[in-house]
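Engineer: These are the residues of each chain, in order.
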Amino acid sequence: MGRYFAIRIGRAALTIVLVVTFAFVVLRLSGDPALMILGPEAPPEVLAAFRKAWGLDDPIWFQYLDYFGAIARGELGRSMRDGRPAIELVLERIPATLALTLPAFVFKVALGIPAGIYAALHRGSGIDRAVMMTAVAGFTVPSFVLALVLVLVFAVQLGWLPSGGQDSWRHAILPIATLSLGGAAVLARFTRSAMLEVLGQPYIRTASAKGVPWRKVVTSHALPNAAIPTVTILGFMVGTLMAGAVVVESVFAWPGVGRLLVVAVANRDLAVVQCILLLVAMTMVTSNLVVDFLYGFLDPRLRSKGAHA
Amino acid sequence: MTDATLKDTKAFSSDVDSVSRKENASRLGSSVRRRISLPAIPVSVALAISWIVAMLVIAAFAEKIAPYGFTQLDLRNRLSAPGNAAHWLGTDELGRDVLSRLLVSIRISLLIAFGATAISAMVGTTLGFLAAHFRGLVEQLVLMLSDFQASMPFLIMALAVLAFFGNSLPLLIGLMGLFGWERYARIARGLAISANAQGYAVAVRQLGATPSRIYLRHILPNIASTLIVSTTLVFPEVILTESGLSFLGLGVQPPMTSLGNMVGYGREYLTRAPWIMLAPATTIVVTTLAVSVIGDWLRDRLDPTLQ
Amino acid sequence: MSAPLVEVSAISRTYSMRSGMFGRATAVHAVDAVSLTIARGQTLGLVGESGSGKSTTGRIVLGLEPSDSGEVRFGGKPMAAPGTAVWRAQRARMQMIFQDPLGALDRRLPVATQIREPLDIHGLGTPAMREERVRELLRAVELTPAHGARYPGALSGGQRQRIVLARALATKPDFLVCDEPVSALDVSIQAQVVNLLVDLQAQLSLTLLFISHDLRVVRQISNVVAVMYLGRIVEIGSADDLFARPEHPYTEALVSASPAPGRRSAGRIVLSGDPPNPAARPQGCAFHPRCPRAIARCASEVPTLAAISGDRRVACHLVTGTPARDAA
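Residue numbers (our numbering), protein chains in the order written: chain A, 472 to 780; chain B, 83 to 389; chain C, 336 to 663.
Mixed in with the good hints, there may be bad ones.
[Unchecked claim] One-sided excerpt, in silico: chain B residues whose CB lies under 8 Å from chain A:
#1 Leu352
#2 Thr353
#3 Thr370
#4 Leu371
Simulated from the structure, these hints should not be mistaken for lab results.
Just so it is clear, CB atoms sit at the ideal spot from N, CA and C, and this is done for glycine as well.
Please construct the entire structure, taking both the sequences and the accompanying hints into account.
Structural biologist: Printed below as a string of structure tokens:
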């Protein structure tokens, strides 16, 4: 089993390396960083000095390694807009994002998984159809449309809730609702299909034919087996805790990491974009690793024979 | 999330029927199952297909059908509500006819979606075949890249590229073309490996066929149906992602208009003139829904386990 | 005409298998120092259980897999490395018939197209000539053009195998390797297909390597028979002679298990012990744990294939070597 984890950790590290490489390549390919950061009106001497200071005259391999070093040291550049270190800007926005994504995650799970399980157990019933319809809606309605519709109904027409900003807890309701509904629909659909796949297996029929009460069949056999693929998708959702609210934050003018990213992209504030990219990558990789570890414990097949994955 | 949608997820209305039919079919054995095809197209799928056809027609003839030019200003008629004779869907804040803009937006959005899906399918399938054929280092490289792609949220990477490279339509199509390639690659690789291990691929190889002949004439047609089903899953996601990017102002840039763009503009006037946003939003939702319905139905018909 | 068409010298093939994540890599000697010759127009039957390495041998002889050592020569020239252009061109002269005819055909194409494919690949003749050849081949395997228009799924097992045969003969090859070609067919169909093969061989002067575990079929078609066990040839000789007077204990057991008309069933020899596992090959003679007549020497020394009379060669200490002082 040690080998299984070693491979997983190796892959995680490799993903981080790839993300950093991606950022580096894209940065270099898109033009002269000096020009981009200092602007086209900067005089040539300033540009030359900048290049020298940043080692942009060095061979590309050297720059690449240097880049890694810089990131490891946490020197991720300064924002072009206000000159503050990018990493500070990003870090201070994290709580705001988490204030949305964490409760949303809880709601997603609390709504989506039971709905999916129920739908699978009562396949063909009214509830099943209702769940499937909402699930399809969750898949086809983009988050910004859902957000705007909610705003239209609750803020504009009914006037119950505010439509933007971060002044009070009321302001968080609509964004969290948007995130939860979309995610719950996806989760319900997924859980339902995982459960259905498990319920269709011969061993379920055998268990109930043996006289095991249905409730026990579900809790001891069906649920644990359906849990395994569900953990993967939950892991993905956890991984998007940082990045998943980009659109929602923009719609509701919520000052989180997502909104910062959109503004930074619009202003081509490369240091900030880079920083957020790395943050998102780290979050994804960490949560994937956690999922992999959980898999190692949950799936006994992996424990005894090592991974075939 | 992607793997989830590839599993058993059927459209709501055909769900019960197709599932019970499948159960009956599996009891009768695989050869009989192949002969049982859905006797008629379900209503929902027929509606979906007609919608998509309508969209395609609009995309092709947008300029000819549109009553006004999509940038044409009519400043005296700003923000007029839908339902009047001159502007069926109303006008926006600059007096531009919403209907005309909608028609042109459909064309742009569909253009991007088709272009991107085609690129993604070709790139993904080719990489999958390369990985299956050469194994070894090439395969590891492709697997690594596809893991990487699958694990990073596409939106974030797209935003990063847009930040660094700026914006233009070819770039946008190319960028969206990277959406979902890993799904095709994974499918193509898996199916090619199993085809190569035994069966017709080996037989044709030892007839003396060149690898390209084997892949193009034999393996590809045999896996085409699975790839097509994947395409119907990727396509709506491309539309949604591009709309999202355009909504944020980072996708399609003015004066060009896309569905997401229109929603973005409409947001400013949500209180006074919600129709500006509702028309494109509804179009996005219904189109995505239609493609999903068709995809689910196709997957029932071209059940991959029959391969 | 007397120079052998196919000469195989001491080929071997070893796979490395890992048992689970933590097991150590074990070497599986699928084929070990196998040498054969096949004369033009003759059939060599290769017999053995599963795990004996006969399929792998067939693939190496055809050049589908490289050999770890030794050499295969075809028509006096060495076999090209698989995947190269020379190798592809050589395919026109040698072909393989597989065990699973449905698996060997592309389900999506009508069978006539597939029979034509080798001609398209090697660019032989004009399109009209190719069509004519397809018709000719269908006739040769006793099928009609109507059959040719069907898809593989619409044909019976025997018919499919005939199609595979027709396709294999399209380029007029000299050599055919048949890997269990009739094992997946009904017994009555087996006889038909084998008869067809025998007829075609006579008509076209084909050289065959016929691989099977079924002695009855092998007996019908082979001139020379080689018996394999766990990667090595244990006995080889002319077919009639070998079946009438088997020398190696393993061959004796095989022959006794397969009834033949005109031969009194002299009592079946039932082998004890575990079936052969290529990943765990016994020391010395690979057969010794199951051999009813094994002596001490069998557990330590590997017997070599030695001639005993005429064209018969056997690898058994009891038959070829002088047994040492120890009694059985």
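Engineer: Using Cβ atoms only, decide whether Thr370(B) comes closer than 8 Å to chain A, and label the hint accordingly.
Structural biologist: With Cβ-Cβ at 4 Å, under 8 Å, it holds.
Engineer: Can the hint on Leu352(B) be confirmed by a CB-to-CB distance to chain A that is less than 8 Å?
Structural biologist: For Leu352(B), the interface hint holds, since the closest Cβ of chain A sits about 6 Å away, which is under 8 Å.
Engineer: Can Leu371(B) be said to touch chain A, with a Cβ gap under 8 Å?
Structural biologist: Since chain A brings a Cβ to about 4 Å from Leu371(B), closer than 8 Å, the hint holds.
Engineer: Next item in the hint list is Thr353(B). Is there a CB on chain A closer than 8 Å to its CB?
Structural biologist: Thr353(B) check passes; min Cβ-Cβ to chain A is 5 Å, inside 8 Å.
Hint compliance for this structure: no hint is broken.
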